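K.L.:
The residues making up each chain are set out below.
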Amino acid sequence: MSAPAPSPLPEELTVPRYLEGEVTAGSLDDQVLAFPERKPPLKWFVAFAFTAALAAAGFGFIGYTVATGIGVWGNNRPVFWAFDIINFVFWVGIGHAGTLISAILFLFRKTWRNAIARFSEAMTIFAVMCAGLFPLIHVGRPWLAFWLFPYPNQRALWTNFRSPLLWDVFAVSTYFSVSLMFWYLGLVPDLASLRERTTHPLRKKIYTVLSLGWRGAASHWVHYEKAYLLLAGLATGLVLSVHSVVSFDFAVSVVPGWHMTIFPPYFVAGAIFAGFAMVVLVLVVVRESMDLQNLITLDHLEVMNKVILGVSCLMAYSYFMEAFTAWYSMNPYLHHIFRQYVSGTYGWAGILTLSCNVLAPQVFWFRRARRSYPVMILVALCVTVGMWFERFVIIVISLHQDFLPSAWHLYKPTPVDFAILLGSFGLFFTLVLLFARILPVIATTEVKAILPGAQPHRHGGGHE
Amino acid sequence: MPDDTRRQPGEKTRYWISVQEGTGEPGGRPAAWNEFPEGAADPPELPADALSRRRFLALLSASAALAAASACSRPDRGEIVPYTERPEEVTPGVPNFYASCFSEGRRAHPVLVKTREGRPIHVEGNDRYAAAPGKAPYRAIAEVLGLYDPDRLREPSHRGKAVPVTEAERLLAERAREARSQGLPVLLFTEAVLSPTRARLLAELGKALPRLEVVSYEASEGGGEDRVLRSLFGGTVRLEPLPERAEVVLSLESDFLSGEDPGSVRAFAAGRRPEGPREPMVRFYAAEGRFTLTGSRADARFAVRTGDLAAFALGILRLLVERHGVALPRGMADLPWPAKPLEALLGPGAGEREAEALARDLAAAARRGAALVVAGGHLPAPVHAAAALLNLALGSLGRTLAVWPWPTAFPPVGRREAEGALERAAEGRYGLVLFWGGNPAHAFPGHRAFAQARRETFVRMGLYEDETAQAAALVLPEAHWLESWGDFEPRPGLRALRQPALRPLYPAVRQGEQWLLGLLGALGGEKAEDYALFLKERWRREEWPPASPVPFERFWAAALHEGLVPGTPPPPPAPSAGALLPHLEAARSETGLELVLYPSPALLDGRYGNNGWLQEWPDPVTKATWGNPLWMAPADARRLGLKDGDRVRLSKGERRLESPVLVQPGQREGVAALALGYGREALSVARGVGTNGFSLLGGDGEMVLSGVEVEKIPGRQPVPTTQTHHRMEGRDLVRSLSLREWARGEGEGREGHPPVSLYPDQEFPDHKWGMVIDLSACVGCSGCLLACQSENNVPVVGPEQVLRGREMHWIRIDRYYEGPEEAPRAVHSPMLCQHCDNAPCENVCPVNATNHSPDGLNQMAYNRCVGTRYCANNCPYKVRRFNFLEWTAFKREPESLVFNPEVTVRPRGVMEKCTFCVQRIEEAKVRARVEGRKVADGEVVPACAAACPAEAIVFGDLKDPESRVSKLARSGRAYKVLEELGVRPSVTYLAQLRNVPEDTE
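Residue numbers (the numbering used here), protein chains in the order written: chain A, 1 to 464; chain B, 10001 to 11001.
Just so you know, these hints were derived from the structure itself, not from any lab. A few of these clues could be false.
[Stated by the list, open to error] Distance condition first, Cα-Cα at most 35 Å in a straight line; then the derived DSBU-like pairs of lysine-lysine:
id, chain 1, residue 1, chain 2, residue 2
1, A, Lys306, A, Lys205
2, A, Lys39, A, Lys412
3, A, Lys448, A, Lys205
4, A, Lys412, B, Lys10712
5, B, Lys10114, B, Lys10925
6, A, Lys43, A, Lys226
7, A, Lys412, B, Lys10643
8, B, Lys10114, A, Lys412
9, A, Lys110, A, Lys412
[What the hints assert, rightly or not] With the Cβ distance kept under 8 Å, some of the chain B side facing chain A (calculated, not the full set):
id, residue
10, Leu10051
11, Arg10055
12, Phe10056
13, Leu10059
14, Ser10061
15, Ala10064
16, Ala10743
17, Glu10746
18, Gly10805
19, Met10831
20, Thr10868
21, Asn10874
22, Pro10876
23, Thr10888
Bear in mind that the values here come from a model prediction, so they are computed numbers and not experimental data. Glycine included, C-beta positions come from ideal geometry on N, C-alpha and C.
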């Protein structure tokens, strides 16, 4: 390790270091690791009470559904899937940004990810938890949902490996376990720091157990880096595979509007899109409420917004290609359903999707928009809404008018549908709030790696 | 031993179990060794020696952990109680069939009642009934649900308090004796009396009560037909169209293809499926204002205002007389021709050219005595007079139209007479009023006779505590017809017996005749212990041919077994055409909105209102359930700014009614229609469903009202329909061909390339079940739907759930309109699980709950289903049904007795669908195996096919190239729905044929 030396280059020629002001290893620890020790402010409790109430109400309605039947939702024939699967796909998608930031950008050595990786990764886990809830509660007999796992039994019953739903079970559970391991592994050094800092005996005990005997020895770091790299590699594959498998639920079927070869990449792009929007939304709140302006900088947010703009263009291409394929197929059922996407009873949902996902992010061509809180919050909200409605378009509109007009029927959600959707948001934000309260929201070890002079060689900082 | 000599050193001894195996011949094990059906007993694929200790322990621990989790499911807590004394004729698990007879209104229909362990579970037709062998009217099929209706009366009551039977009998006798001693008349207000023995009992009662007045009234009849026929034949007659003998049929707003009379449908359909495009086919014309199911099947349909139908019929007659040399009946020379010319009557749709073709075709058919004109029972007298005149001129009487005298001395009376009796009852002129059957308080809404509750002189004998019962002090519970005895004359000269298929469900319940018999005894008349003996005695005296070599007991046993006794038809009464003139003179066409009131195809006059199956049975035309929306023509709806579900107020003079609207394509502008039988005020299912059309009927009972005002009122009331989109959107789903198009080979179009699949083809070792549905025969009557519901324990979900699209019927009749809204062409196509060879539902089920059987069935393992609903999304035919809620948790006994024990009752959260009646397939296979033969062609008949009066559904083994179903599937008009998807359905459709009149196409 070479000695730290001030950069000889003028300020405007350096690439952003994604840090503001004077940050040292000590000040960083004091700033980030102090949160779990402090009593949270009143606004935290207010926010927590609100989200926890939402989540509790959601679970209440889930209990009502399980006790009464799926009939309390708006699902019908032919729209056998509606909010349940929309929410599932939506939340799985939200999770993807976190893995992309923490794993793929890690592999690409993008240092701007270091400050936000922990947070995004935590969001991944919470989003996948929300997502995993829906396939479980959406089945007619949730108490038998374990039959989807291939376990040995004396009745010689086995699962159907041809069914995309079974692939989902594996894809989502693998995704969840790998994400959890990856996130936890990254947490270990910080947990050890917390263990050292705390004076509270109970907390000390808990952190001691959780930090798995981490002492910061060089051998620990060697193993840690290797394991982190390997898990990042594993998670990278999952970013692409999980949403591809989710898209197979649709692409493998015969339903017009679902049976499309473009679905896997299109779904992955959509997932990253929605996930980035959600990360921006939450980061802004965290940055302001926890006074982390120096660690999560506007430069961070600007990069995120650039990604949103880029993926938005990918989405526009996907929408166009999907429509072109439908037109080119000469398939009357497909022609009909694509007309229904933008006209007909639910046409507004398609228009909304296009405006939110394609038009709104175009403001990010302007640097001022990319660095403006109101604009980015508005666009992120648009994208979140747009991506939810994109799944509504794909699932509900495609189902409500398929092959035989005699079976067509409109779909109307019930209050229970909305309550459970809101409940899932409540659950997600409750978990986010708890996380911000009890664990370090920024990976101090990773940020220390980008502190001025922390780099192993060459002059100056960063990775020119 | 030769075996030992052949043994090689070191080889083990080989034991053989058959000579062939021992000698090493092919076919070693005899086929009989394969005791279980294919696939049933396949062991799990675990070789016996594959388990090492470690593997065993690993499996043991994993299974223990997971089995503990799966042990959470609740076991069936039902008890099994064996017979301590088994009735001789009952074998548990084997159904018994009893011949019986269903009747309603003027019709009686012999049926077979299927019972299991002593309880009726299904109604089928009687094979020996030549007019419709094996076919039962759809409402008879639904009646097993009525039998187990929990709302049924269980014991007699007096002023609302339950009383014992003896007390009830004493009270009834006391009332009658008081009336007799005071010299007051006694009124028996009842339904049409069809049964000779019932009539005999009434005659006996008349002797004991000299001032007995019997009023038999059928609320669903317009009365016009009866008036015309009485003057034509000099007495009440029954009229039955015989379309099997016709070549050209004209329907004047008649719904004779509704399936209420399966014989008419069967006979008509038989003439509608020619083998080739040049074979003869019945040509069918319809003229109507309302859009009837029957009219929707017409080759040419004239949209004529209902009030103009008499003029239309006379216009056609004029064409016949003036252009085709048809002679008018004697005495009709000064027939007043209608003022309006024929062409002024015709609306959109068939026009003058078709009218000329109709006259030409009728004249040509008349030369062979093969023309037939039928008129709807709800129409006014002039239409019936004109129809009778046409039939007389065309010589149809006795050829295509059977007429025979009313079988009893108690013919039905008109509404005016019935109302007169009720007026006198209201004024207290009778010492005793006995209401037996019918439901006059519903048919005469607001009548003052029923204004007072629990009137002391009123006695109600019926199944329910209904509107009429609430007006009576004494209420006597009547037995259901499935618990009763009786006899009928379903066709001229043919006697049918009704015998109970079970003892009455409740000890205090007895059939109406039994109560009257008790009354008769108490009044000092003929004493008979029980109505069964009374019936038998009458049969011994009057029906048993005295010269017969067969002893009476054997004759009686045979009659009960067969359910039918043929006899000589009574001589048909002779018509006197001149009597028609006064009726014809009453014909005049009206302007303004016409309202057609017609008996509901589901509930008739409301008597089936408490039957959930019939309430949820989609109307064959509108597909509406649970109610009677007002049908309005599209043009009228547009003019008044009305959409489906908007509410209107109808007024005719002082009489008013509010109803939601349903816009009916094809209905003639200026004609609205409303079904009778709804708007009941009593009973848990019937109450509050729809509106009571009887409240618009005037004293004359005329069911076609003119000058009715319609105004839109605020509020909406969505109509629960099972089909919400009515056009095919240019898709090739239901094929319809005219004979000429067929001759040009247009029906033969098939998809070009054979479908390709990544998966290996299914293999079918023994059978491959399949179905052919002939759309040319199918009239869309939807009887199959009720038979399926009864056979397969299909639940009722209620109007709110139908609105959400969650009805559970396993078979539905898709009905599409083509062409302009004012004059559309309708096609009907039954849709059920297609049992695809490459079923898209099967590969998406994550738990293998739906899979393929070795004989080609797409089967559902309900136990295994977790309810992901993916299969239903992926079903292109959308025939899968999901139990969104718990539909079958019956709280009220004895409803659960209606279940067919052969078919699993599905809990909530489980997917279900048509099984091709797998229980019937298995039953036939077991029978064939026991008898050591193959399943014969036609041996397996699913419930829908058994009930189909048109015999449009044929089921059988597609693996046998000589089976009927295979042959039909090779027909020139065979096609499969959505064949291009490559799912390879097992159901083949035969394109509908239309015999469009020449030079009008």
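K.L.:
Each of the hints needs a verdict: does it hold here or not?
P.N.:
Hint by hint, here is what the structure shows:
no.	hint	verdict
1	Lys306/A - Lys205/A	violated (43 Å)
2	Lys39/A - Lys412/A	violated (45 Å)
3	Lys448/A - Lys205/A	holds (26 Å)
4	Lys412/A - Lys10712/B	holds (27 Å)
5	Lys10114/B - Lys10925/B	holds (20 Å)
6	Lys43/A - Lys226/A	violated (40 Å)
7	Lys412/A - Lys10643/B	holds (19 Å)
8	Lys10114/B - Lys412/A	violated (42 Å)
9	Lys110/A - Lys412/A	violated (45 Å)
10	Leu10051	violated (12 Å)
11	Arg10055	violated (10 Å)
12	Phe10056	violated (11 Å)
13	Leu10059	holds (6 Å)
14	Ser10061	violated (10 Å)
15	Ala10064	violated (11 Å)
16	Ala10743	violated (28 Å)
17	Glu10746	violated (20 Å)
18	Gly10805	holds (4 Å)
19	Met10831	holds (7 Å)
20	Thr10868	holds (5 Å)
21	Asn10874	holds (5 Å)
22	Pro10876	holds (4 Å)
23	Thr10888	violated (12 Å)
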